[in-house]
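Trainee: Chain by chain, the residues:
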Amino acid sequence: MSNIKKFMYVNRRAPYGTIYAWESLEVVLIGAAFEQDVSLAFIDDGVYQLVKGQDTAGIGMKNFSPTYAALGDYEVTKIYVEKESLEERGLTLDDLQHLVWEDEDDDWAEKDSIRLVSCAELAQVFAEQEVMFNF
Amino acid sequence: MNLTIQVNEGPYQHQASDSAYFFTKAALEKGHEIFRVFFYHDGVNNGTRLTTPPQDDRNVVKRWSELAAEHDLDLVICVAAAQRRGIVDDGEAERNKKDATNIAPGFRISGLGQLVEGGIQSDRLVVFGD
Amino acid sequence: MSILHLVNKSPYERDSLDTAVDYMLDGDTMLLIEDGVYAAMSGGKAASKISGMKVSVLGPDLAARGISEEKLVDGVTVVDYAGFVDLVESNDKVQSWL
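Protein chains in written order, with my numbering: chain A, 1 to 135; chain B, 1 to 130; chain C, 1 to 98.
Mixed in with the good hints, there may be bad ones.
Stretches of chain A that chain B covers, calculated by requiring three or more beta carbons in the stretch to come under 8 Å of a beta carbon on chain B [as the list claims (entries may be wrong)]:
#	region
1	7 to 20
2	25 to 33
3	121 to 133
Note that these hints are calculated values from the structure, not bench results.
Cβ atoms here follow ideal geometry from the backbone N, Cα and C, with glycine treated the same way.
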C-alpha cells in the first residue's frame, strides 16, 4: 500500500479501572501490520499505563503492561510522554518502563522509544499528524 | 468527503451512539460518503437485536439498522470486543459453539483491521465515546 | 494541519477541556458537544479558559440541557449537526478528548 499516513494514538486513560487502555493497545498491535507511520502519545492519566512494576495477580486481570515493551518489535518506535502529565502525578521517567527498539539501519543499535516532550512540543507533533485515534 | 465513524460506548448509558447517529445522518444528508461505522469497546452493544426499549424512548439499535438499510452503510462490530461482550452472529456462534445469535440487521462482525483501514481510506475519522 | 477538538465532558467532571485548551493551536477549532456544552456558559468555571478561542457549541445539546444562547460566553458560535459536519470538513483532522 503506497498510501502511508501519519497515525497518532492518543492515550489518556489509566489501566485496569476501565478497559480503554488495553483495547486501544490491541488496535496499535493490529494496526502495525498496515505499515503506517505510527506514533503513540501518553497524556494525563495515560502516563500510568507505562508505570513499571504492575502486578495484577490480586485483581484477576491480565497484566498487559509487558506488551508495551514489545512495541519496538512491531516497529512502533515513537512513544511521546507528556512531561507536564508526569510531573503533575509526581512521576519521573524512572518510574516508567524503559522502552527500546532496535535500529536495523544502525547495526541494530538499541534506541529509546520514549520521547519526553512538553505539552507545547506535543501539540506541534499533533499538528503534523493525519489521523488521530481516540479511545 | 469520505468518513469513518467510531462508536466506543453502548446504547442508552452514554449519548455517544446518539451523537454518532445524528452526525452520520447529517453527513449523509450533505452528500458525504460514510466509508464505515466501526463499533468498539462497549460500542459493540449497539449491535444486538434483542433490546426492547420502552415505547416512548428511541430505539437506538433499530435506528442504526434502518439507516444502514437506507444508505447501504457498512456497520462493523469489532470481533474481539464482541466476543468479550457476547455479540454473536452465525459465524461466531459456529466457531465458538454458542447456542444463539443476537446480531441486529445491517451489522457485521469483523476484525480491528477494519478500523485501521477506515483510518487509511477515509478523509476523516470521527470518534464518539465516553 | 488544523485540528477540530471535540470535548464532550462537563468541565466540572473531567479535565478533558483543560487538556484540549492546552493543545489548541492557532487555526484550530473546539466543538463542545454532549455534557461538554456546560463549558460554554458565561460565569462558569471554564468561561475564562475558552474566551478568545475559536469555540463552537452543538445547538441540539445546548437546547436539551435548557441553556439559552444568551447564556453563552461571547464569541462562542452555535452550530447544528450539519454545522458539525462542516467543521469536520474544514479542519484537517479530529481529536476527540474522551
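Trainee: Would you say the region 121 to 133 of chain A counts as covered by chain B, given the rule of at least 3 residues with C-beta under 8 Å?
Mentor: holds (count 3)
Trainee: Under 8 Å between beta-carbons, do enough residues of the region 7 to 20 of chain A, three at least, approach chain B for the coverage claim to hold?
Mentor: holds (count 3)
Trainee: Okay, the region 25 to 33 of chain A and chain B, do three or more residues pass the C-beta test at under 8 Å?
Mentor: holds (count 5)
Comparing the model with each earlier hint shows no violations; every hint is respected.
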